[in-house]
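Trainee: Spelled out, the chains give:
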Amino acid sequence: MDIVGTINTAARKVPAWTIYIVGAGWLVYLFYLAAFTRAFGPEPINALEREYGEIGLQLLVVGLLITPLRETFGISLIKFRRAIGVMTFFFILAHFLVFAILDVQSLERVWTEVVKRPYVTVGMISFVALIPLAITSNNYSVRKMGAIAWRRLHWLTYPAAILGALHYVWLAKGFQIEPLVYLAILIGLVAYRYRPKNRSKNRAMSRA
Amino acid sequence: MAHRWKNDLTHADVTPKEAFLNRRQILAGTAGLGAIAAAGLAEAQEDLQPNSLEDITSYNNFYEFGTGKSDPAANAHKLEIEPWSVKVDGLVDNPGDYSLADLLDGLTVEERIYRFRCVEAWAMVVPWNGIELADILNKVGVQSEAKYVAFETVVQPENMIGVQRRVLDFPYVEGLRIDEAMHPLTIMATGIYGEPIAKQNGAPMRLVVPWKYGFKSIKSIIRISLTDYEPPTSWNKANAREYGFYSNVNPNVDHPRWSQSSHRVIGGGLFASREPTLMFNGYEAEVASLYDGMDLSEFY
Numbered sequence: 001m002d003i004v005g006t007i008n009t010a011a012r013k014v015p016a017w018t019i020y021i022v023g024a025g026w027l028v029y030l031f032y033l034a035a036f037t038r039a040f041g042p043e044p045i046n047a048l049e050r051e052y053g054e055i056g057l058q059l060l061v062v063g064l065l066i067t068p069l070r071e072t073f074g075i076s077l078i079k080f081r082r083a084i085g086v087m088t089f090f091f092i093l094a095h096f097l098v099f100a101i102l103d104v105q106s107l108e109r110v111w112t113e114v115v116k117r118p119y120v121t122v123g124m125i126s127f128v129a130l131i132p133l134a135i136t137s138n139n140y141s142v143r144k145m146g147a148i149a150w151r152r153l154h155w156l157t158y159p160a161a162i163l164g165a166l167h168y169v170w171l172a173k174g175f176q177i178e179p180l181v182y183l184a185i186l187i188g189l190v191a192y193r194y195r196p197k198n199r200s201k202n203r204a205m206s207r208a
Numbered sequence: 001m002a003h004r005w006k007n008d009l010t011h012a013d014v015t016p017k018e019a020f021l022n023r024r025q026i027l028a029g030t031a032g033l034g035a036i037a038a039a040g041l042a043e044a045q046e047d048l049q050p051n052s053l054e055d056i057t058s059y060n061n062f063y064e065f066g067t068g069k070s071d072p073a074a075n076a077h078k079l080e081i082e083p084w085s086v087k088v089d090g091l092v093d094n095p096g097d098y099s100l101a102d103l104l105d106g107l108t109v110e111e112r113i114y115r116f117r118c119v120e121a122w123a124m125v126v127p128w129n130g131i132e133l134a135d136i137l138n139k140v141g142v143q144s145e146a147k148y149v150a151f152e153t154v155v156q157p158e159n160m161i162g163v164q165r166r167v168l169d170f171p172y173v174e175g176l177r178i179d180e181a182m183h184p185l186t187i188m189a190t191g192i193y194g195e196p197i198a199k200q201n202g203a204p205m206r207l208v209v210p211w212k213y214g215f216k217s218i219k220s221i222i223r224i225s226l227t228d229y230e231p232p233t234s235w236n237k238a239n240a241r242e243y244g245f246y247s248n249v250n251p252n253v254d255h256p257r258w259s260q261s262s263h264r265v266i267g268g269g270l271f272a273s274r275e276p277t278l279m280f281n282g283y284e285a286e287v288a289s290l291y292d293g294m295d296l297s298e299f300y
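Those protein sequence lines, which keep their order, are chains V and G. Quick note: the first sequence, position 205, residue 205 per the numbering used here, numbers continuous. Quick note: the second sequence, position 72, residue 72 per the numbering used here, numbers continuous.
Since the hints were derived computationally from the structure, they do not count as laboratory data. Treat the hints with care, since some could be wrong.
Straight-line Cα separation of at most 25 Å, DSS-like style, residue types lysine-lysine; simulated pairs [stated by the list, open to error]:
#1 G:Lys87 <-> G:Lys147
#2 G:Lys87 <-> G:Lys139
#3 G:Lys237 <-> V:Lys173
#4 G:Lys78 <-> V:Lys173
#5 V:Lys13 <-> V:Lys79
#6 G:Lys237 <-> G:Lys87
Produce the complete structure using the sequences and hints provided.
Mentor: What follows is the structure, encoded as structure tokens:
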């Protein structure tokens, strides 16, 4: 059975906008669970904050996987990439808003935290780096900026991803595997973009 | 001419021996503090509304069973607590391996409703059932050279996912200065809400030191050692810059990675307001004198 073909056929049938519907629905549903049920336990503020942040990291991984999946396995999910990127931004925005409004509960203290706590600083830089990317995630911006400038701007995804994972590693107490796994995967995915270029050419030739 | 000193008191004025001894104890500052603290304690307990048993048993840090807050509730059922033996050793008159029943036999279990403040800046209120640690220590006989008490948590690697993952350097160890250990607020808890303490809360016996961050209140204790040196403590070993030996709740000394001036309240829901953190977690009147002359930002 041709798995790649099946995935590509299925992907062709699903419109990209479903990502927005599912992503937004998921984000709101998690908020509903935290606010009105005990699904997040007796202290839902920190739990929801972490959940949004972790989903943000997962979506970063998914977004950065799309190119290697196409180049390595021929799986084409490129049409979902913009929607995944935009949803990544919204989950991290939600993560920040829960932190600022529901957890820290004061703008002044948010500022203190950002300035004083290196792990918050790093997370904040990561979030701020994503803002111009979210704003320019439309055809108009690509046209207006030109593909090269647009691509150069969107290179910010890489430092944002690694700083986001570092933020998670930094806030862990004790020796915890999960944050380190995110960091390793995201470093790996960024490193993939900077691998020696002739290697992929060789592979393309050996496949031919 | 100088007056000669004249004794105008008779034998009838002599303070009764018992009262005199009590007073000496007060001056010694250990057991006597109990009288003062007990009065303060009754006051301190009045306005505290305990969390529900569900809150208390579903939001835990017990890294032997995983690092997530719900992991202990999910995994701690594997902990084997029968039989339970506690080794008492070091500078004590009656060292040995005690069964839990023997160790606690004849001692009074009291209800103590305490604030519980985690170093991660969250807090709850727990109605513990426990025995003053001083009663246990007096029973085993503390020798005069003893300056500290060290505690150790059980390790059951096959039952403890966190031990398998080496989250910390297990066994978990903690310690107190002897005057902290003998303080009447310090208890060994064996129950919550009148029921045997749940495994995720540190069954069958755990320490509770309400004026210190929660990680000092070591769970599922299998060893109590009296020492003349400051014993190593787990979080201090893991990160000395962040976790000191004392770890008294102190809103003025931040954790390097977060503020300790306020905390989230467990059980308040998604829109709960933060609460200001109190000096010594609200037990300042009872315990501040233990640290007279100490710079608490140095001895954090």
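Trainee: Is lysine 237 of chain G within 25 Å of lysine 173 of chain V, Cα to Cα?
Mentor: holds (13 Å)
Trainee: Lysine 87 of chain G and lysine 147 of chain G: Cα distance at most 25 Å?
Mentor: holds (18 Å)
Trainee: Between lysine 78 of chain G and lysine 173 of chain V, does the CA-CA distance stay at or below 25 Å?
Mentor: holds (24 Å)
Trainee: Mind checking the alpha carbons of lysine 87 of chain G and lysine 139 of chain G for me, to see if they're no more than 25 Å apart?
Mentor: holds (14 Å)
Trainee: Quick one, are lysine 237 of chain G and lysine 87 of chain G close enough, alpha carbons at most 25 Å?
Mentor: holds (23 Å)
Trainee: If you draw a straight line from the CA of lysine 13 of chain V to the CA of lysine 79 of chain V, is it 25 Å or shorter?
Mentor: holds (11 Å)
In this structure, every one of the numbered hints holds.
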